[in-house]
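Kindly produce the complete structure, drawing on both the sequences and the hints.
Chains as they are written, first to last, in this note's numbering: chain A, 163 to 308; chain B, 443 to 904.
Everything labelled a hint here was simulated from the structure, so no lab data went into it. Glycine included, C-beta positions come from ideal geometry on N, C-alpha and C. Treat the hints loosely; a few may be bogus.
Below 27 Å or equal to it, Euclidean Cα-Cα: the simulated DSSO-like pairs (lysine-lysine) are [claimed, not checked]:
1) B/Lys743 with B/Lys447
2) A/Lys169 with B/Lys677
3) A/Lys166 with B/Lys447
If you want the ones that stay clear, here's a sample from chain A, every Cβ over 10 Å from chain B, calculated [said to hold, decoys possible]:
4) Val211
5) Gly249
6) Gly259
7) Glu282
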Amino acid sequence: MSEKFTKGMARNIYYGGSMFFILIFLGLTFHTTKEMPKRDHRHNITESVERGKHLWEQNNCIGCHSLIGEGAYFAPELANVYNRRGGEAGFKSFLNGWMNAQPLNIPGRRQMPNFHLTDEEINDLAEFLKWTSEMDVNGWPPNIEG
Amino acid sequence: MNTLKYQSQAVAKPYFVFALILFVGQILFGLIMGLQYVVGDFLAEAIPFNVARMVHTNLLIVWLLFGFMGAAYYLVPEEAETELYSPKLAIILFWVFAVAGVLTILGYLLVPYSTLAEITLNHLWPTMGREFLEQPTITKLGIVVVCLGFLFNLGMTMLKGRKTAINMIMMTGLIGLAVMFLFSFYNPVNLALDKYFWWFVVHLWVEGVWELIMGAILAFILIKVTGVDREVIEKWLYVIVAMALISGILGTGHHFFWLATPEYWQWVGSIFSALEPLPFFAMVLFAFNMVNRRRREHPNKAATLWALGTAVMAFLGAGVWGFLHTLSPVNFYTHGSQITAAHGHMAFYGAYAMIVMTIISYAMPKIRGIGESNCNKAQVWEMWGFWLMTVAMVFITLFLTGAGVLQVWLQRIPESGEALSFMVTQEKLSIFFWLREVAGVIFLLGLIVYLYSFFVKEKASA
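Here's what the structure looks like:
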């Protein structure tokens, strides 16, 4: 680097530049949180959805599954599992049957533990997954397999 | 023979030793998970995959934090040209952090996660069960206390000493780390908001403030091992960290592509994250330039190798592999696939695991009273460890990339109805997962060789 470009100038770029971009980021964040209600349909969050989210967290589901693409990649994506497994007509009964059938104990196959949830808890979880599937996330995932 | 400039720098030692112990644990759990990928029911009862994964990733985060703290305790006094404000506080906080960390890991291993949530009263302030932030709320509070004490100690040291660019950047990085962690306490019921602010911790750590810490450590080592003028190195450092923040802050946008956020994030995220490889590329130029212009042959060749290695591997892992899937039209297919896993592995190893081993390589001989460097024989072992781990990580990344490309091809690109399901796809990828596991075993061998180097002594000449 030439002698004309001094350490002082480099320092000013560091402090000034990052401050500038932090402010832009905060501005965009403010705007985004204002816009998000249009897409995240938060008005549909019921107490059941809320309990479902806590169940999701307390059992560390993210440790195997991904949700909207984040989490572990060991087990299927669940943001669209509601649509994949029956939707309005069949998802709740599917989930109940699925949870109660665990662990499948097929030799060599990845195992899902049994979390011993009550029917009501499984219903809450289903409500949370249904709500999640209905967010407008710019069309992700590419297909039903997630 | 005491070769420490300031005696209080020795508090870094327990931090480094404990970091390496946790590193071993991280790799062992990585191998368990790797095997579970292909032998699905391996240890399924005793260590379910989600537990193994929490242990693997949380140990990674914690050992790197121990490494950063050790690095700070070592380099801040030397840069400030004064003793550490309170070595006693540093040791107390070490034990607080170590005990809390071990208890948390034991909690993961010994009781079901929901029980852990219950006994740590998660319902009072739910923060658990989110990727990487699985720690019980009480552990999170403990981390904040440790961070505050740590920053206070370093801040007081810097105030009474010289304020060099390296110290200022290290300090802004560490303060940023602590501030961003506060977002881990915010867990709204609305999943979109939860995820949006979750990234304030996760992204702004690894693609933001941690890069400042990494840059500061690298610059410190380069000054020491090359003898190049501080003015030159500090100017480079400012430019690199400026680039890192300028690209990284708005680069957060690449996590907002599929998250109930406005569409402009597709553009903002794509453009700024395309710039994110630049600081890493600059770091490669910087490291090699300084080493080529060196004014002294430092006897610690291993430390120089680690410094050059971390620059190259960070560029490949964080820069190149990050860029591979960062543009939103590409990310639409690769998001949450094995490509992400490939990128994550090489980026964390290259940028952060290696920078911690760089400072350990440089500082430990001095802390242990051996001198400027370990004996030649020990360095040869250390460099074998370097190459085994690094080459193994390259192969882990390549195999995961292969798995990821095939996964996208089979599961993501075909239309609904024609695409294979997740589990069927995973079975098709098993050859890559087996190869990854083999590479993982070689990584472990490299780690054992590396650790063995600490115990190698030159034979006394007859």
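Consistency of the hints with the structure:
Our distance criterion of 27 Å between C-alpha atoms is met by B/Lys743 and B/Lys447, whose separation comes to about 21 Å. Distance check on the hinted pair: A/Lys169 and B/Lys677 sit about 5 Å apart at the alpha-carbon level, within 27 Å; holds. Pair hint A/Lys166 plus B/Lys447 does not hold up; C-alpha atoms about 35 Å apart against a cutoff of 27 Å. Separation of A/Val211 from chain B is inadequate, the least Cβ-Cβ distance of about 8 Å not exceeding the 10 Å criterion.
The beta carbon of A/Gly249 sits about 13 Å from the closest Cβ of chain B, which is more than 10 Å, so the claim that it is off the interface holds. Every CB of chain B is more than 10 Å from the CB of A/Gly259 (nearest about 17 Å), matching its label as outside the interface. For A/Glu282, the shortest C-beta to C-beta distance to chain B comes to about 16 Å, beyond the 10 Å cut-off, and the non-interface label holds.
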